[in-house]
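**Q** So the chains spell out like this:
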Amino acid sequence: MNVETTISTDIAPLHFDQVRFEHRGHRLLMPTSVTFSGCRRTLIMGPNGAGKSLLMRLAHGLLRPSGGQVRWQGATPVQAMVFQRPVLLRRSALENLTYVLAIRRVPRAQRKARALDVLERFGLAALSKRPARVLSGGEQQRLALARAWLLDPSVLFLDEPTSALDPAAIKAVEDAVNAFHQQGTRIIMATHDLHQARRLADDIIFMYGGQALEHTPADRFFDIPHSPEAAAFIRGELVW
Amino acid sequence: MSASDNPFYTALTLILGMDHRLFDIVALSLQVSLIAVALASLLALPLGAALALWRFPGRNIVIVMLNALMGLPPVVAGLCVYLLLSRAGPLGHWGLLFTPGAMVVAQVILVLPIIAALTRQQIESLHQEYAEQLHSLGVRPLRMIPTLLWDARFGLLTVILAGFGRASAEVGAVMIVGGNIDGVTRVMTTSIVLETSKGNLPLALGLGIILLSLVTLINALAHVVSEMAKRRLG
Chain B
1 MNVETTISTD IAPLHFDQVR FEHRGHRLLM PTSVTFSGCR RTLIMGPNGA GKSLLMRLAH
61 GLLRPSGGQV RWQGATPVQA MVFQRPVLLR RSALENLTYV LAIRRVPRAQ RKARALDVLE
121 RFGLAALSKR PARVLSGGEQ QRLALARAWL LDPSVLFLDE PTSALDPAAI KAVEDAVNAF
181 HQQGTRIIMA THDLHQARRL ADDIIFMYGG QALEHTPADR FFDIPHSPEA AAFIRGELVW
Chain H
1 MSASDNPFYT ALTLILGMDH RLFDIVALSL QVSLIAVALA SLLALPLGAA LALWRFPGRN
61 IVIVMLNALM GLPPVVAGLC VYLLLSRAGP LGHWGLLFTP GAMVVAQVIL VLPIIAALTR
121 QQIESLHQEY AEQLHSLGVR PLRMIPTLLW DARFGLLTVI LAGFGRASAE VGAVMIVGGN
181 IDGVTRVMTT SIVLETSKGN LPLALGLGII LLSLVTLINA LAHVVSEMAK RRLG
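Residue numbers (full-length UniProt numbering), protein chains in the order written: chain B, 1 to 240; chain H, 1 to 234.
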């Protein structure tokens, strides 16, 4: 417990101050202010097109806001992102990992051993020589998680990482997310799967129509959501 | 029609006769074109990739000019190199005119725009797929170039082959800067022109058949290599 609190204060909080995003005249994100802090698992929920991916891409720095400010309070921490459809290089599973180590300037002699270690950890050791792009969907996503693991991120973004996977592969991804969290990584993950959110979330950001309607602890969100849209979403009604 | 008038028969006797002059001509043709394509690739692959990745003012003009240069007439390229390398020209003191070196220079100029323009297209579409992931991993633009070139390697093999096709087929440039000197700068295409003008059509056609067979062989090899690798890598 004590350990966890020291870790959590280490990661700089991320503030969104009135951040908005427009593309070709369409306002895709209304002015939004949220803060991501501590070592929590924050799940961003909402229907398709609500702006979940957009919020994460802005947070990760893949997109620049059209207005407002995305600000790390303190040093920008090491971050990694796992995408809905993993983008793997046209190389073997092992080379996908050693590539990342090369980018991070890890000495050549250490790369292979470290990469094999992580492949082992994610149950991919037997596939190390296989081309990454002929792996199954679940294996590809695990490889993407292994690649993120090598970066040792303080903040991990995941954009609906399980939306195209079968239950066994979903379990593997969720286990990996929890492993990251236990290592002291802040998790920011988008999903539209209510059950998944119940299993993983410490707190929930609910998005609807380009707005963050609420940001509440998970138990409060599921028991007493305060926006009617969130309440309908939880009841399983179709909202958009 | 006597057997010696048949171009296929002529081609066959040339090959089977192991005529050393034919062998020299074939070797020089391959040597000039392969060196030219290798040098052009060395320059054009990174250039094409850089053009795909960097946004700068005037980029579209550069792309249009590069695409237009793909259609540069070989005689024009030859003429320019001729003027550069002739005794009175700015690079005359190199003494390259009417040597295989001059032919390589001319073919590099012909092939470079083709490889650069097609590389830009290939890398641009691959970059669309990779951009977010590479950005997320913290890969700098300069480091992206070798990454993308390597991951596009099978498509780029075809691009290089297109360049080789251009180099081995052209006659205008090597004729002007090489001069078709027997035993020094005579290659397959210039021999074909010479034999045609002498009226020795079976020999000209026979040489043509050999040239076509060689180009087919090289393309077939590259195709097999890339198909095997593609199947293995998915």
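Because the hints were derived from the structure by calculation, they are not lab data.
Treat the hints with caution; some may be incorrect.
To be verified - Just a sample of chain H residues kept apart from chain B, beta carbon distances all over 12 Å, derived:
{"no.": "1", "residue": "M70"}
{"no.": "2", "residue": "G95"}
{"no.": "3", "residue": "V139"}
{"no.": "4", "residue": "R143"}
{"no.": "5", "residue": "L148"}
{"no.": "6", "residue": "T158"}
{"no.": "7", "residue": "A162"}
{"no.": "8", "residue": "L217"}
{"no.": "9", "residue": "L233"}
As the list claims (entries may be wrong) - Covered by chain H, per the in silico footprint, the following chain B stretches (three or more residues, Cβ under 8 Å):
{"no.": "10", "segment": "43–51"}
{"no.": "11", "segment": "71–85"}
{"no.": "12", "segment": "90–104"}
C-beta: ideal position from N, C-alpha, C; glycine also.
**Q** Looking back at the hints listed earlier, which ones does the structure fail to meet?
**A** 3, 4, 5, 9, 10
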